[in-house]
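K.L.:
Taken in sequence, the protein lines are chains A and B. Residues in the first sequence are numbered from 1 upward in steps of one, following my numbering. Residues in the second sequence are numbered from 1 upward in steps of one, following my numbering.
The set of hints was computed from the structure by calculation and includes no laboratory data. Just so it is clear, CB atoms sit at the ideal spot from N, CA and C, and this is done for glycine as well. Please note: incorrect hints may appear among the correct ones.
As the list claims (entries may be wrong) - Interface residues of chain A toward chain B, partial, derived using beta-carbon atoms under 10 Å:
no. : residue
1   : Val61
2   : Leu287
3   : Pro290
Stated by the list, open to error - Restraint ranges, calculated between C-beta atoms of paired labels, are given here:
no. : chain 1 : residue 1 : chain 2 : residue 2 : range
4   : B       : Val187    : A       : Ser304    : 51 to 61 Å
5   : B       : Thr178    : A       : Ala277    : 51 to 61 Å
6   : A       : Glu194    : B       : Ala212    : 54 to 64 Å
7   : A       : Ala130    : B       : Arg189    : 33 to 43 Å
8   : A       : Glu49     : B       : Gly136    : 44 to 54 Å
9   : B       : Gly32     : A       : Glu246    : 53 to 63 Å
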Amino acid sequence: MSSHRILSYSLAINEALHQTMAADPAVFLIGQGVKSPWYVGNTAQGLRERFGDERVIDTPVSENAMTGAAVGAALAGMRPVVVHPRMDFMFYAFDPIVNEAANWHYMNGGRLPVPVVFWGIINRGGEQAAQHSQALHGMFAHVPGLKVVMPASPYDAKGLMVAAIQDRNPVVFIDDRWLYRLEEPVPEEIYAVEIGRARIARVGADVTITASSFMVREALQAAELLAEEGVAAEVVDLRTIKPLDEAALLASVRKTGRLVVADGGWRSFGAAAEIAALAAERAFDSLRAPVVRVALPDCPAPASAVLEKAYYRTGEDIIRAVRGIL
Amino acid sequence: MKYRRELLKELYLRMLRIRLCEEAFVEPILTGEVRCPCHLYSGEEGVAVGVCAALTERDYVFGNHRSHGHYLAKGGSLPEMVAEIYCRENGCSRGRGGSMHLIAPEAGMLGAAPIVAGTVSLALGAALASAIRRDGRVAVSFFGDGATGEGALHESMNFAALRKLPIIFACENNYYATHMPVRECRVDRHIFEIATPFGIESRQVEGNDVLAVYDAATAAVEKCRQGAGPVFLEFLTYRYRGHVGPDDNIQGEHTDIRPPEEIDAWMKKDPLALLGDYLLAQGLFSPGELDGIRTEVEAEVREAFIFARASAHPKTEELERYVFA
């Protein structure tokens, strides 16, 4: 019997971990700080008490080897989740993620699947500067063999974590600390949100705004304000960056004829550029205005709160972009 | 007698299989029939065969760029390996991996990769899986002296020691990291000592003495199965051929700067000859019996090459197959 109760985004992730670990002894959590709320908030609460140190493994500061260990355990039949509490730390782990996990199934002719979840937490803001703030989904999505998901809501946070763990491929699961307190009704039972399916978060006919993760909140606020001006914006929550739900995206663009791409990554050569290129290649005839990207400037994240305010994109930037092409 | 006759025969046969197979690649490489870069294992057979003989097929092995020997020693199919090096659809990796990506999951060979030390942490994870499941499996990570310069190895040793994981760090010290002599890569101290600060039991072993390798590996496996791992073993050995291909100098690149007298000295400690002499001297096998084994292996290798050459190339319409499971 399905029953919903209000759950925060971070506790939705926590529930996904509890339920998948209870359902499958092959699932385990490994990473720096899984014992420490300072690192991972309350996403790991109760796991160690329930499943023990053998399956909830706090690690030394060794991102490369710990991530490789998760990949190796997956090759040996486990379903590991390896967490990087600041996504920036994942650069040390690019070899096991990109060279090994992403390639393994292909370069071995499909002989072994690699069911591992690389969980990276975006931790921007708070004057943390360039190495505690980066959103790297564009880099991971560039790599063949990786799937990349970025939930924007508690419902999706739980469902996509479950789906990522159940997938037979390496999945990069990216969440954002700015979403952790967001609450909504979430089913109590275990469920998966299909990887590769976008969601129409708001229906509209005048302009399509695509977004993921935290930028979905900004896009929805922008759409709300635009509605007061008589502009009906459709908000497409990508949910999965790769494989991109091209059908849903193109259907929306063909309907509205206008596209604003809101993305939490850097502007150049990233996810926003990919979506803009897709619209140009596959929906050119429907476009009535240039595609506009609302993304971070090609600049490292600053520490100063004053500069941070200028750096991060908000609903206001999205509104300006929409007005510019109407 | 210390060693069972069947074991001795198996050691000899497996080393010979590797040697004859590797040497059979020389001509096809020189004529250009085989184009995939091959890092031949000739000369180092004692290590892979001695270590893998101490394992069961349930145990795990990960290799590196020079892994033909690891794959064959662990029980991977010979025809499928040759077909893979010919990049054919019948290859163990369906022609997508080539010489540097050999895999035989059914035999516990979970793969190989040429990113130096890139598979050390994968073996660490396989050992972690074994510890979580408490299924008694041991994981072996094969890597070379060059990998001692990589941080991932040191990270992996620390974590393995911390959790007493059932992993054997098997360092094949052949004295050269591609063209770089080991003395130019690190200070002049024994490699096996790098494990000491982590509290890992470690030792140096004559890698060309397959029985010494087998003894050391057997003791290490036993420790790991008792939950008293990890173990670090440094095997001294030598490759007869170039870093890649039969011989850099024959191939015209002249990058192999190893002194001829050094090569000669190692040739005198050939692992196959050492074991063959021992078997004859002990009266355990007759010359005729050893010749019989050789005839048997020669036929196997010949048939493997026939199989590979007759195998189809992968289909272009299947270029993107296997990107995802």
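K.L.:
Would you mind marking each hint as holding or not holding in the structure?
P.N.:
We went through each hint and held it up to the structure:
no. : hint                            : verdict
1   : Val61                           : 9 Å, holds
2   : Leu287                          : 29 Å, violated
3   : Pro290                          : 32 Å, violated
4   : B:Val187 x A:Ser304: 51 to 61 Å : 45 Å, violated
5   : B:Thr178 x A:Ala277: 51 to 61 Å : 40 Å, violated
6   : A:Glu194 x B:Ala212: 54 to 64 Å : 56 Å, holds
7   : A:Ala130 x B:Arg189: 33 to 43 Å : 39 Å, holds
8   : A:Glu49 x B:Gly136: 44 to 54 Å  : 28 Å, violated
9   : B:Gly32 x A:Glu246: 53 to 63 Å  : 42 Å, violated
The earlier numbered hints that this structure contradicts are 2, 3, 4, 5, 8, 9.
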